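Chains as they are written, first to last, in numbering that gives the first Met the number 0: chain U, 0 to 194; chain Z, 0 to 158.
To be clear, the hints were calculated from the coordinates, so they are not data collected in a lab. What you were told as hints is all true, and nothing was included just to trick you.
Calculated lysine-lysine pairs in the BS3-like style (CA-CA distance at most 27 Å, straight line): (1) U:LYS136 to Z:LYS17; (2) Z:LYS20 to U:LYS186; (3) U:LYS74 to Z:LYS17; (4) U:LYS130 to Z:LYS15; (5) Z:LYS21 to U:LYS74; (6) U:LYS93 to Z:LYS21; (7) Z:LYS47 to U:LYS66; (8) Z:LYS47 to U:LYS19; (9) U:LYS174 to Z:LYS15; (10) Z:LYS21 to U:LYS174; (11) Z:LYS49 to U:LYS66; (12) U:LYS93 to Z:LYS35; (13) U:LYS186 to Z:LYS15; (14) U:LYS61 to Z:LYS21; (15) Z:LYS17 to U:LYS167.
Residues of chain U clear of chain Z, computed beta-carbon distances all greater than 12 Å: (16) ASN20; (17) SER76; (18) LYS95.
Restraint-style ranges between C-beta atoms, simulated for each label pair: (19) Z:VAL63 to U:SER9: 45 to 53 Å; (20) Z:LYS47 to U:GLU11: 29 to 37 Å; (21) U:ILE60 to Z:LEU50: 16 to 24 Å; (22) Z:PHE60 to U:LEU8: 37 to 45 Å; (23) Z:LEU50 to U:THR144: 31 to 39 Å; (24) Z:PRO73 to U:GLN18: 49 to 57 Å; (25) Z:GLU10 to U:GLU170: 20 to 28 Å; (26) U:ILE60 to Z:PHE69: 39 to 47 Å; (27) Z:LEU50 to U:SER70: 22 to 30 Å; (28) U:THR77 to Z:LEU61: 40 to 48 Å; (29) U:SER9 to Z:GLU29: 17 to 25 Å; (30) U:LYS95 to Z:PRO73: 56 to 64 Å; (31) U:GLU11 to Z:LYS35: 20 to 28 Å.
It should be emphasised that the depicted structure is a prediction, and the values quoted were computed from it without experimental measurement. From the three backbone atoms N, C-alpha and C, an ideal C-beta is built for every residue, glycine too.
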Amino acid sequence: MKQQNLIELSDEELILEFQKNDNVEAFEILMRRYKNPLMNYVYRFLGDYEACTDIIQETFIKLYRYKDLYSSIAKFSTWIYTIAGNLARTEYRKRKKRRILSIDALTEKDEGFDIPDERYRPDIETDNDIKDEIIQKALLKVSDTYREAVILRDIQGMSYEEIAEITKTNEGTVKSRINRGRAQLQKLLKDIYKE
Amino acid sequence: MSLDNIEDGHEYVIAKLKGLKKVSAPDNFEYRVMSKLKSPAENSSGTKRKLFWGIIPLFIFLAVVGILLFSYLPVKYKDPAVQKSQPVINPSQKISNSLNHSWKDGFKANKNLIPSTGHSEEGGAVNKQMTDSGSKSRDSMINKGKQNSPGKSKLPKNR
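Could you put the whole structure together from the sequences, leaning on the hints where they help?
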């Protein structure tokens, strides 16, 4: 199939084309379509641009290798968001453990620690928007389950049904998570603005 | 919209989140992904993984076959009832018995080295041969004596 015709295809048709004919061009179009929304989702969840880039790369590598695992019953977007979300959650847990360990080491040895390199933070690097930074910092303080739901709903603009599918929960749980996440964020922002 | 009111606060939060700057992937993102997919290291790790997961069922199958072989291996059957019926031997007696046995065994083994006393079949044959030759010489001696003895021959027969 020609490149021009492939662009007009839906996500589901593209993945089918990639599955059946091993058409790498279809994969590349999917990558172009989803790289930025996924980057946005994972960056808001982790708050680290470099780690986020690695996770999205890994997501597309997984998509390439395990393309046959996709079944046409599910929506392609929810499938790829699930892969990225799982990888992001794994990375977040690793970082949490590392942080606990480094804090333990710090209290035991009383040594200094490496200051994280924030040169790649896009919000600081490009427009230096302080408000964005404040909101991002507040968002990172929200518990991870609520944060994920809030990002998918309010930043990515997904439906409750899609979020439920990505997070493997029911719609009721999703709604309550979003509500609680918003409430936490509201409280955090209120405290920040008071200061 | 204020942060004090719950409803308004939620609206405020949603508006703030929607207004966040969109983060985009680096320019060379696609190239990085494609080069990673084409790199031999990535591919070899993939094939290694496939090989590893392919070997596991084979290993399980071989293990099961091995266990079955061991469990159904033909072994010489020993009747436990026979073992129980054996008499209980006093340890000291056992030692003496074993000593006796060893002596007897040694004797049996060295039996061929001991010279024959005529009890054996071979020895019996030799002995018979010897007795035959002995009896013959004895007869010839008697005959000679009969001929040479003057007293006996001089005695009148009809006396």
